[in-house]
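K.L.:
Protein chains in written order, with my numbering: chain G, 650 to 827; chain Z, 650 to 827.
Note that these hints are calculated values from the structure, not bench results. These figures come from a predicted structure and were not determined experimentally. Keep in mind that a hint or two might mislead.
[Said to hold, decoys possible] Keeping only pairs whose Cα atoms sit at most 35 Å apart, straight-line, the calculated DSBU-like set for lysine-lysine is:
| no. | chain 1 | residue 1 | chain 2 | residue 2 |
| --- | --- | --- | --- | --- |
| 1 | Z | Lys657 | G | Lys736 |
| 2 | G | Lys783 | Z | Lys690 |
| 3 | G | Lys657 | Z | Lys690 |
| 4 | Z | Lys690 | G | Lys690 |
| 5 | G | Lys713 | Z | Lys675 |
| 6 | Z | Lys713 | Z | Lys736 |
| 7 | Z | Lys690 | G | Lys713 |
| 8 | Z | Lys675 | G | Lys690 |
| 9 | G | Lys783 | G | Lys736 |
| 10 | Z | Lys713 | G | Lys675 |
| 11 | G | Lys675 | Z | Lys675 |
| 12 | G | Lys736 | G | Lys657 |
| 13 | G | Lys713 | G | Lys675 |
| 14 | Z | Lys783 | Z | Lys657 |
| 15 | Z | Lys713 | Z | Lys675 |
| 16 | Z | Lys736 | G | Lys690 |
| 17 | G | Lys736 | G | Lys713 |
| 18 | G | Lys736 | G | Lys675 |
| 19 | G | Lys690 | Z | Lys783 |
| 20 | G | Lys690 | Z | Lys713 |
| 21 | G | Lys657 | Z | Lys713 |
| 22 | Z | Lys736 | G | Lys675 |
| 23 | Z | Lys736 | Z | Lys690 |
There are 2 protein chains.
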Amino acid sequence: MRIASLAKTAGVAVRWRPFMLGPIFKAQGWETSPFNLYPAKGRNMWRDLERICLADNMPFVRPKSSPQNTLQAARVALVGLAESWRKDYCRAIYRAEFGEGRNVEEEETITEILQSLGQDAGAVLQRARSDGIKSQLRARTEEAQRLDIFGSPTFIIADGELFWGNDRLEAASNWAVH
Amino acid sequence: MRIASLAKTAGVAVRWRPFMLGPIFKAQGWETSPFNLYPAKGRNMWRDLERICLADNMPFVRPKSSPQNTLQAARVALVGLAESWRKDYCRAIYRAEFGEGRNVEEEETITEILQSLGQDAGAVLQRARSDGIKSQLRARTEEAQRLDIFGSPTFIIADGELFWGNDRLEAASNWAVH
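Take these sequences, add in the hints, and give me the full structure.
P.N.:
What follows is the structure, given as C-alpha cells:
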C-alpha cells in the first residue's frame, strides 16, 4: 500500500517480485503461519496491524481464515508483472484480504479484481495456469529462499541489504538512496 | 536506552518491570531464542539491530553467546526497583551485553556495573539472592505471561493496550497520552 508513493518521492526504482511464503515457512518447520503457532504473538500481530491501519487511514477487517493459500493470486501477479495493472492488482488483493476480510483463495475474488482493473479475467487466469507461470513462481520462491527471505514484505536493495516488514520501509528507502 | 527521555518529553510515567523471557519462550516450545531457532530471521534481527544502533548513534557489539541467562541480572534489577540507580543499572546491563559484547551472566560484570553506579555490589548481590527477591521475580514472570507478554521490551499502557518492541515505543507513548 505504501511502497509505490514512498519510492516515487525518494526516487527509488522498485521491482515487484511475487513469491510464496508457505514453502519458506515449511522449510523452517512451520506448517502454518507463526502467528497461529504462537498465539500470544499472533494476537499482538493482529492488534498491531489494526492500529497501524487506523493510524494510516486504511481499512482493516481481519479475515475469517488466515493464512490463505495465495497460490493462484501469486500466479496471476506473475502474469501481470510485465503489465500496467500489476501494482493495482497486488494492492487490490491485499485490500480484499485485509481491508475487507475477503477470501482471496477463491477464483471469484480474483476474477472480480481483474475485471475491476479492466482485464479479461478468463484469459489472465488461463495464462496463470500455464506451466511456464507455475515454474516461474517456483523459481521465484527458491530465489527468495536463496536470498535469505523469511517473511513478507521483504525489500532487497541492489547491494543485497535486506529489510523485512512494513515498519522497515523507510529504512530500506533511505538505504537505497545513500 | 530510549524510553526514559521519550517518556519524559511526552509526560508519561513509566514503571519498570523486570521479568524473565526464558520461561515464556519455554511455554511456547522454544528451548532457546527464536533467533537461534530460525536462522534466516535471526541473521536479519542482528543486522537490523546493528543498523538501528548505527542510526541512533549507539554502540553495538554482537555478544559471543546469545541468549544469555539474565537470572542474576534480573534479580539485581528487582533489588534496584525502589532505588535511584534502577534505570542506570538496566541501561548499563544492556550496554554491556549489546554495546560491548560482554557476558552479563558473569557476576563480575554485574559487580563492575554496580560499583560504577556507586553501590556496594556485595550487599546488593546478597539481597538479590534472597528468597524474597527470587519469588518476586517468579511472580513478575508469571504476571508477564498472564498479561500475554511474549517478548521484550513490552510496553503495557494503563488501559491494558500492549505494544512490543523498540520500534513500537513511539506508538506506545502516543497511546498513553491520548
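K.L.:
Kindly indicate which numbered hints from before are broken by the structure, ordering the numbers from low to high.
P.N.:
Structure breaks hints 1, 21, 22.
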